[in-house]
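Chemist: The whole structure should be built from the sequences, with the hints applied where relevant.
There are 4 protein chains.
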Amino acid sequence: MKISMAPRPTEEQIQEVRRKLLSAGYSVHRMDREGETLLCALGPADFPEEAIRRLPGVTEITKITKSFKLASRQFCASDTHVAVGDVVVGGREVILMAGPCAVEGEDQVNRIAEGVAQAGAKVMRGGAFKPRSSPYSFQGLGVEGLKILRKAADTFGLKVVSEVMDISHLEPACRYVDILQVGARNVQNFTLLNALSLLDKPVLLKRGPATTIEELLNSAEYIMAGGNYKVILCERGIRTFNTYTRNTLDLSAVPVLKELTHLPVIIDPSHAVGIRKMVAPMARASIAAGADGLILEVHHDPDSALCDGQQSLTLDQFRVLTVECARIALVLGRTLGPEGGLDTKKAGP
Amino acid sequence: MKISMAPRPTEEQIQEVRRKLLSAGYSVHRMDREGETLLCALGPADFPEEAIRRLPGVTEITKITKSFKLASRQFCASDTHVAVGDVVVGGREVILMAGPCAVEGEDQVNRIAEGVAQAGAKVMRGGAFKPRSSPYSFQGLGVEGLKILRKAADTFGLKVVSEVMDISHLEPACRYVDILQVGARNVQNFTLLNALSLLDKPVLLKRGPATTIEELLNSAEYIMAGGNYKVILCERGIRTFNTYTRNTLDLSAVPVLKELTHLPVIIDPSHAVGIRKMVAPMARASIAAGADGLILEVHHDPDSALCDGQQSLTLDQFRVLTVECARIALVLGRTLGPEGGLDTKKAGP
Amino acid sequence: MKISMAPRPTEEQIQEVRRKLLSAGYSVHRMDREGETLLCALGPADFPEEAIRRLPGVTEITKITKSFKLASRQFCASDTHVAVGDVVVGGREVILMAGPCAVEGEDQVNRIAEGVAQAGAKVMRGGAFKPRSSPYSFQGLGVEGLKILRKAADTFGLKVVSEVMDISHLEPACRYVDILQVGARNVQNFTLLNALSLLDKPVLLKRGPATTIEELLNSAEYIMAGGNYKVILCERGIRTFNTYTRNTLDLSAVPVLKELTHLPVIIDPSHAVGIRKMVAPMARASIAAGADGLILEVHHDPDSALCDGQQSLTLDQFRVLTVECARIALVLGRTLGPEGGLDTKKAGP
Amino acid sequence: MKISMAPRPTEEQIQEVRRKLLSAGYSVHRMDREGETLLCALGPADFPEEAIRRLPGVTEITKITKSFKLASRQFCASDTHVAVGDVVVGGREVILMAGPCAVEGEDQVNRIAEGVAQAGAKVMRGGAFKPRSSPYSFQGLGVEGLKILRKAADTFGLKVVSEVMDISHLEPACRYVDILQVGARNVQNFTLLNALSLLDKPVLLKRGPATTIEELLNSAEYIMAGGNYKVILCERGIRTFNTYTRNTLDLSAVPVLKELTHLPVIIDPSHAVGIRKMVAPMARASIAAGADGLILEVHHDPDSALCDGQQSLTLDQFRVLTVECARIALVLGRTLGPEGGLDTKKAGP
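Residue numbers (the UniProt record's numbering), protein chains in the order written: chain A, 1 to 349; chain B, 1 to 349; chain C, 1 to 349; chain D, 1 to 349.
Bear in mind the hints are in silico, worked out from the structure with no lab data behind them.
A couple of the hints might just be wrong.
Pairs count within a copy or across copies, as identical chains cannot be separated in the list.
In silico DSSO-like pairs for lysine-lysine, Cα to Cα no more than 30 Å straight-line [to be verified]:
#1 K63 / K201
#2 K66 / K151
#3 K20 / K277
#4 K277 / K2
Bear in mind the structure is a predicted one, so any value in this text is a computation, not a measurement.
Modeler: And the structure:
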């Protein structure tokens with residue numbers, strides 16, 4: 001149930017509603033948006049609608065009909081801005097996250113961090129804990145990798161996003177990482193999602209290759225139900241009969257998710273297509289479709305990468321792509337890149 | 001086999017190669033591109049490579065390894081421009097084709113034609129022969145519909161694209177239509193493709209919901225093998241587990257096809273997503289991905305359309321979309337819209 | 001609308017209902033089943049329910065809610081038996097159709113016909129008109145192939161099923177063939193379906209690789225709407241992300257179709273899996289799932305077949321499979337094979 | 001690398017090979033099969049082939065080319081029998097596992113256990129830890145549920161299979177459960193697989209809705225790489241464009257897996273189709289396709305089940321199905337049911 005309050009309610013009014021709901025056996029979630037306070041009550045079916053409606057400051061009580069509640073537009077009409085320090089995902093600025101598939105060593109990470117930061121990325125990506133289909137593939141540098149990422153990111157003014165596969169990864173990841181990534185294979189690892197719901201850290205939740213839109217939003221709901229509302233959704237390709245590309249990028253997920261949820265939506269074109277020269281067209285298309293950001297694999301020397309080199313952009317390709325994406329962002333009234341986006345005077349062809 | 005000739009070969013040289021190949025039992029295809037002449041020999045496995053290589057003007061003989069030959073980039077490296085009068089599909093200009101799902105009457109078609117022409121469309125779409133899943137659904141106005149389309153298009157300076165389902169449709173369609181559309185359900189109707197291969201009319205070939213990229217190019221090859229090289233490919237969504245959208249737009253088909261073939265590639269976002277408010281984001285994304293054009297359902301009164309109204313744009317929505325698409329086209333160094341595209345001075349935000 | 005008549009109505013009663021419906025603008029379909037007469041009226045929305053209900057012999061008027069009407073169980077509760085001479089598809093006996101992918105010559109067809117007839121097949125399959133993805137693949141022997149099939153089938157007491165791709169194939173096919181097959185690529189070739197609806201010949205309608213159950217039944221409805229009720233449905237694999245098998249056999253289509261329609265359902269495991277050693281397990285499973293028959297590729301020398309040899313059973317494999325299938329059929333209370341099925345006394349292991 | 005030893009090698013010979021391999025940096029896996037000893041060395045690429053080949057008792061060294069090694073038929077040609085007390089999965093007997101989706105209480109579990117045991121099931125299934133798409137759905141009784149299962153199973157002579165979602169579930173599950181199930185959502189939860197690899201407990205590994213055959217076998221490899229070779233594979237439906245059934249049962253996975261691996265393969269038709277009346281046909285088909293067993297949802301009162309009642313068989317339906325399956329098993333030379341399978345004398349119709 002969504003409980004709408006009059007504009008700028010007093011804290012006392014809010015607390016009274018909260019107390020009433022708690023005492024009736026409901027858990028209460030609260031989001032504050034530009035002078036508006038949204039309350040969501042989750043619990044028993046026979047909601048005491050009359051009693052709550054009579055409380056001072058309450059203007060309306062609405063049933064949220066979707067299976068996901070806190071994640072739904074029905075609950076919260078305005079877009080969520082997930083702040084990572086001074087970087088905001090989901091606002092007017094389109095955010096680029098870039099870096100290698102896997103952290104291989106300090107030199108590699110530094111060179112890539114410098115390159116992507118100069119080109120306009122705001123967040124450094126890189127895998128330290130690597131989920132691999134085969135037990136015999138390279139499994140990542142672990143905590144050592146996280147430290148390398150942190151140091152390089154700090155040097156070049158970047159935030160860090162990195163994958164956690166497991167509850168045991170949360171403690172070190174919280175120390176070194178700004179955004180905790182849940183990989184496609186763990187999108188319904190409910191134990192992990194429950195643990196993340198108790199943290200005060202942004203979570204980047206990747207859709208799995210056969211996850212429906214509703215399942216993805218229910219997985220986001222797991223994280224939000226525990227009180228962590230800082231969820232960023234990410235489409236990275238679904239499994240279809242297509243064999244030419246690694247997966248099939250479902251770009252229509254962007255407008256569909258924007259309709260159903262207030263959470264930010266970013267795209268990972270690298271994993272979706274799996275072929276270097278197909279990444280840039282799909283990255284541009286993602287911005288044009290309305291994505292709030294991109295997460296891209298970039299490597300200073302893709303041909304010698306330990307993992308997924310064939311789908312990594314070179315630093316030069318990334319620089320060109322950034323300029324194109326910035327110009328497309330402008331068409332949609334958004335910005336991207338250094339100093340709050342490309343200077344509009346340079347936006348002509 | 002691809003036979004490459006020296007730059008600007010004499011017609012006599014070309015004819016001698018042709019004669020030799022024909023007498024050895026091969027069919028010979030010829031494309032002329034900016035001073036370059038490409039010859040393709042199709043036939044028996046034991047190609048007389050030595051004898052042909054020795055002919056004057058022949059510089060190189062290359063095996064085309066793909067299953068499709070004439071459609072492949074291996075045969076022809078430069079992009080094919082399909083000219084429809086003064087409208088060129090596959091060149092620098094991005095072409096918009098727009099109109100109703102089905103022709104319903106003269107007034108409807110005129111109002112839509114006027115609107116889409118003003119907004120920048122170059123081609124009018126509209127179904128006169130309608131393939132419908134159920135025998136009890138509206139099956140189109142037939143030849144009467146084609147006449148209505150032609151008249152409206154002529155009034156507003158548009159070309160006409162319309163679907164043919166059958167050999168019996170070809171004669172009237174050739175009289176009234178500029179581009180013959182093969183629908184998704186007929187992408188492997190080889191009888192129809194063979195008949196189209198003998199015409200001198202551009203063909204818009206739609207990918208089916210489960211057609212692989214290679215199958216689509218082999219269907220194009222059917223049309224080209226008979227001598228009709230004017231084929232425009234169209235992606236319109238594939239079938240996946242997604243249920244929120246009507247189909248799943250496989251936008252990565254654009255860069256994949258651009259890699260494999262020299263034929264133009266356009267996108268039909270209306271059928272792909274099937275929901276009005278998702279069409280514009282996917283249309284913009286298509287341009288950003290490098291599509292050569294769009295085919296869109298537009299209706300002056302979508303809610304009373306006889307067919308697919310829920311996925312048709314209003315004329316107002318189409319006008320806004322056209323401007324956005326024109327600006328994105330500029331980012332890619334292309335043009336779109338009235339008078340060869342948006343004036344670049346107005347391209348800022 | 002389904003109009004139910006009292007048991008054993010007089011012909012006059014039936015004709016009066018028919019006349020009333022025709023004069024009200026409806027087309028009227030009639031099926032006679034063991035003393036029961038079913039009438040279906042198709043036409044305008046405002047059905048004259050009251051007037052018809054009052055006619056002598058009419059007991060009930062029921063709305064058929066599915067998009068397919070004549071094909072639905074709602075219209076006809078009892079199973080349709082499609083008789084092909086003395087062979088009945090859809091009855092207690094499970095029918096095997098077997099033969100080569102393509103007719104290659106008289107000797108080949110004779111050897112295979114003899115083998116499959118001895119093993120228990122009742123129908124000979126073989127392609128004379130071959131739809132091929134590439135224009136450069138073997139396209140079949142055409143009418144000559146049909147004659148070869150007919151002769152071999154007559155020699156060994158078999159019926160013939162063969163594919164038609166086109167209206168121009170219907171005339172010769174009707175002369176030489178007992179069951180006209182519509183291939184997966186033509187499942188929504190409505191021109192072809194309409195032409196078949198006017199014939200008095202059984203039609204084997206194959207589901208396409210991305211055809212939904214509802215679309216398949218609507219395609220059957222196209223054939224039935226013209227008055228040809230002898231439709232046999234065939235599942236032959238759908239397209240999924242699986243790459244190990246050629247397609248993914250959707251065996252649950254058998255119970256699903258049995259629920260929705262009274263038409264017989266057979267399975268083509270050869271095209272579904274595309275690998276010889278996977279065919280027999282899937283054939284056995286099809287019988288166990290309740291299929292009314294199988295259509296199988298069998299070749300006396302698969303390794304030298306011109307088409308699809310890798311998925312053809314040898315004659316020896318077919319003989320073993322027939323015995324296994326006959327035993328499984330017995331478990332379901334059905335028969336299969338020579339003289340109305342395996343002797344039940346030999347059915348133990 | 002597979003190291004083959006002469007028949008009945010001495011323990012000393014085996015140990016010497018093992019020592020050599022360990023000292024060269026390899027991990028060594030050993031399986032003993034009817035007098036044959038199989039050794040598998042996993043580790044660095046430059047295998048000391050010459051040195052090992054010279055050791056006494058070594059007859060052949062073969063490279064295992066698949067990405068999965070211990071799970072491959074290349075490593076072990078004969079079928080693995082997973083023994084659960086006196087119940088053997090993967091042998092001549094087809095094993096039925098049956099029970100409710102979720103454990104709801106003692107009475108429910110007892111009634112179902114009694115019914116399925118009488119009908120011929122050997123293993124009781126039931127969820128105590130329930131992975132649910134929505135955080136607001138019933139999540140299971142936890143350890144209490146495991147105790148209820150254990151007690152009921154012991155009373156009626158059954159083994160127990162139940163799902164673990166998490167490392168924290170392993171300790172209680174090992175105490176009360178005979179086979180640990182990994183659900184479809186956790187098929188690539190590598191942390192969980194690694195933990196299971198260190199246990200001496202059979203694992204039932206379910207394929208996910210978009211898991212390829214190779215990925216499934218690599219997930220099995222994770223469990224085997226740690227030394228736990230008791231893995232049972234389970235197909236439970238994949239995601240396709242079909243909407244009529246919950247998932248699409250990929251029954252061809254049975255012959256495909258039997259070709260690639262020596263591990264037992266069972267089928268879960270209940271989750272695959274999701275509709276009660278479709279379960280029995282698919283269960284019969286599974287046996288006919290060669291499955292080693294079934295895991296089925298059975299409930300004494302499906303309409304009041306807390307979870308998945310619409311796909312649960314009644315006890316009566318389960319009894320009928322068991323008899324049919326036993327008869328089909330006999331056709332394949334296998335047994336099923338009470339006292340080592342149906343009495344063959346009663347197998348006639």
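Chemist: A separate judgement is required for each hint: does it hold in the structure or not?
Modeler: Status of the hints after comparison with the structure:
no. : hint       : verdict
1   : K63 / K201 : within (29 Å within a copy, 47 Å between copies)
2   : K66 / K151 : neither (43 Å within a copy, 39 Å between copies)
3   : K20 / K277 : neither (58 Å within a copy, 40 Å between copies)
4   : K277 / K2  : between (46 Å within a copy, 26 Å between copies)
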